[in-house]
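K.L.:
Based on the hints, put chain B in the right spot on chain A.
Taken in order, these protein sequences are the chains called A and B.
Residue numbering for the first sequence is -5 to 400, as defined by the working numbering.
Residue numbering for the second sequence is -5 to 400, as defined by the working numbering.
Misleading hints may appear alongside valid ones.
You can't tell identical chains apart in this list, so a pair holds if it fits in one copy or across any two.
[Unchecked claim] With a cut-off of at most 27 angstroms between alpha-carbon atoms, the simulated DSSO-like pairs for lysine-lysine come out as follows:
{"hint": "1", "residue 1": "48", "residue 2": "-4"}
{"hint": "2", "residue 1": "-4", "residue 2": "40"}
{"hint": "3", "residue 1": "365", "residue 2": "395"}
{"hint": "4", "residue 1": "257", "residue 2": "102"}
{"hint": "5", "residue 1": "138", "residue 2": "48"}
{"hint": "6", "residue 1": "351", "residue 2": "109"}
{"hint": "7", "residue 1": "124", "residue 2": "257"}
{"hint": "8", "residue 1": "40", "residue 2": "138"}
{"hint": "9", "residue 1": "310", "residue 2": "169"}
{"hint": "10", "residue 1": "374", "residue 2": "95"}
{"hint": "11", "residue 1": "109", "residue 2": "95"}
{"hint": "12", "residue 1": "167", "residue 2": "374"}
{"hint": "13", "residue 1": "102", "residue 2": "220"}
{"hint": "14", "residue 1": "257", "residue 2": "374"}
{"hint": "15", "residue 1": "102", "residue 2": "374"}
If you are wondering where the hints come from, they were derived from the structure by calculation, not from laboratory data.
Number of protein chains: 2
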Amino acid sequence: MKIAVLNIGNELLNGTTNNTNLVAIGQELVKLGIPPILQIAINDTKEDIQNVLKFIENQNIDVIICSGGLGSTTDDITAETFADYFKLTLYTNENVIEHIKNIIGSNKTLSFYNKKQAIVPEGATILTNKNGTAPGIRFFASNKTIFLLPGPTSELKPMLIEKVIPHVNSLCKNKIFFESVYTAGIAESEIQRIVTENIPESNDLYVAYRTEPGCCEISFSSPFHKLVLNSANKLKAILGTAVLKDGCKNVVEDVLLRLKEQKLSLGTAESCTGGMISLKITDIPGASAVFKGSVIAYSNEIKERLLNVKKLTLEKYGTVSAECALEMAEGCCSTLDTTASIAVTGIAGPSGGIPEKPVGLVFIAVKIKDKTAVISYNIKGDRTRIRTIASIHYALNELRKLLITF
Amino acid sequence: MKIAVLNIGNELLNGTTNNTNLVAIGQELVKLGIPPILQIAINDTKEDIQNVLKFIENQNIDVIICSGGLGSTTDDITAETFADYFKLTLYTNENVIEHIKNIIGSNKTLSFYNKKQAIVPEGATILTNKNGTAPGIRFFASNKTIFLLPGPTSELKPMLIEKVIPHVNSLCKNKIFFESVYTAGIAESEIQRIVTENIPESNDLYVAYRTEPGCCEISFSSPFHKLVLNSANKLKAILGTAVLKDGCKNVVEDVLLRLKEQKLSLGTAESCTGGMISLKITDIPGASAVFKGSVIAYSNEIKERLLNVKKLTLEKYGTVSAECALEMAEGCCSTLDTTASIAVTGIAGPSGGIPEKPVGLVFIAVKIKDKTAVISYNIKGDRTRIRTIASIHYALNELRKLLITF
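Okay, chain A solo, but in the shape it has when bound (with noise of 0.2 angstroms):
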């Protein structure tokens, strides 16, 4: 099956927008092993829109997922401008008039631009928009399966996955079942190893990869079910305690679940982090069940002040030094009265490397009662990778060992 996607609107050729619905797209295609073969992003114009259209034509698409200009203004066209080039006709649907009212609030009069919206073409399938006035349109033309989905990515990726998916799954030849395994402190490379010489591709079985700070999920995708849940739990066992726990999809997400399930309290004394750890913790709602606070100790002051660094160890070992992390780590479980903590000093850089330090240089110190452990790491890159790797790879994960063992 051959999948191209078509994203309408100036923002994004014009540098405004990032086209965050061809990655959500992409995220969910993989799974099925039958990723995009083109995506193509225009203006909303019709002209342009109908050379494009008349493009695919001729490369052999079987479904076209398209995004944007299905809003209330003159200037969204795509509903209009699809049924005029696959020569369908319009109608207002009274579902999404009724839809649209509920959404924006029903006891206000319906201007002309929100009924605009209802207007779809005869014989589609109208997938309900739970988050906004724009309903999502599916119709069966020129052999094509076409899917029209609103602009914004929190529209677009509830539909992609409730309604889209399973959908472009039924045309599949074969019905695809997937099964994602998220870890945490192993590199993809690795896993891909592991997986290659384990549990092989073959032409019954597809595997993908996606990595970002704090997670790799590797997702098995075959026509066979149970094919996919032995190879899932084949690496699972394999992988081990890098697997993350049941419904976690993130090293946080693990290590606030294993705090709650152990009854411990955390805080992060954070250097060179800033508060990055910190922040990516209260991402999730219901943090404060086991997050207390932190303490952001960007100068030395503060952290001898409020983490009880010692003085002497500061003027020994350095700020950068498994000595200053280890005693910011004690300092913010009593200063903040955790039973656990998180303490990272290091060099994002760009400049503030020696010879013997080098930017990059991260030591992270990690405490749950009376047990620490203590770490350096070397990170390539620029400063924000260095910031982002050494919170959320390491730090997050160096806890989440210790929880482990604990």
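P.N.:
For chain B alone, kept in the frame of chain A given last:
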């Protein structure tokens, strides 16, 4: 002039990589008043690339900016595929060989794969890559100027700004001049209104807007240098203190510069923002000159113990109140021993809201020596948006406003 962007690489289609190259290209071209009219992403497959080139040939495109597929591995085939399509002869460029040796360390012998990157079309202009081995390539064929640029944005972006944009500008009938105005604390829609009323677009003057948290950039472009300068200066005069200090491109840089000039030191006390203000400040290398650190007080206990918020205040007014925010700002200055502070407390959601204090309600207090200010905002959107807008758009700008009047 019509410009198309072609992004080559499987990683764009399978959801692994965000197309940040398109954003960079769009942002720079829109300043010339000529955003791309078309963007296509495809896999590293000869047939796919040539299919797309055929399509582009029919669209009267003057310039193709292509990214990706210039790497050293065998799956990277952009240069040879373009040369084949446009019937150009390939040769090994010795200057590129020297450059590659410099980048990877001149003592090493170049592998077959590295040498492959020096094979370029005859007659092409080489664009030096400061940050990698893959050279940029510019050539003219089939009545089009074609740029082949490396895939990593860190390599593409400097080449784009230094080599591509000036050349594209030189191709315009008239050379385009441009000038940007950077602002904070004022909505893009309000700026658009002001610009439309006072410095309207014309055939000679193009205006572009780009908004990110903490900054709105307004770019004027025109073949007439004086018109561009006058327009920017006129807008600066109208917007007054909403315009950032010279050389600053977002509110954080502006605040840090003002603190330095006014010999002040800064700390933050954050509840719902969880460290985002601290993180944004420490994104800037050298922030330690004025920034001492933060207390992330995610629990009331920390607010009381480390920020001296009174139990009575929490009981009487609640954690999310002007009174609590003010005491947090006061406590921050005394605990961290700084002359300035920012404090934020609010409800980031998705739960925790009540009718009188809904999700999105945020109180911000700022303090410089004996002067304080406190203000509340109702921010719409999800948890991420509420925390981002509270931190960058509002909190940092409140301190900026106090710094201006201090």
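K.L.:
Now tell me if each hint is right for this structure.
P.N.:
Consistency of the hints with the structure:
no. : hint      : in the structure
1   : 48 - -4   : both (16 angstroms within a copy, 20 angstroms between copies)
2   : -4 - 40   : both (24 angstroms within a copy, 17 angstroms between copies)
3   : 365 - 395 : within (12 angstroms within a copy, 47 angstroms between copies)
4   : 257 - 102 : neither (50 angstroms within a copy, 54 angstroms between copies)
5   : 138 - 48  : both (13 angstroms within a copy, 23 angstroms between copies)
6   : 351 - 109 : neither (64 angstroms within a copy, 34 angstroms between copies)
7   : 124 - 257 : neither (37 angstroms within a copy, 51 angstroms between copies)
8   : 40 - 138  : both (20 angstroms within a copy, 25 angstroms between copies)
9   : 310 - 169 : neither (64 angstroms within a copy, 60 angstroms between copies)
10  : 374 - 95  : between (53 angstroms within a copy, 20 angstroms between copies)
11  : 109 - 95  : within (10 angstroms within a copy, 63 angstroms between copies)
12  : 167 - 374 : neither (45 angstroms within a copy, 44 angstroms between copies)
13  : 102 - 220 : neither (52 angstroms within a copy, 50 angstroms between copies)
14  : 257 - 374 : neither (36 angstroms within a copy, 34 angstroms between copies)
15  : 102 - 374 : between (56 angstroms within a copy, 20 angstroms between copies)
Hint compliance for this structure: hints 4, 6, 7, 9, 12, 13 and 14 are broken, all remaining hints hold.
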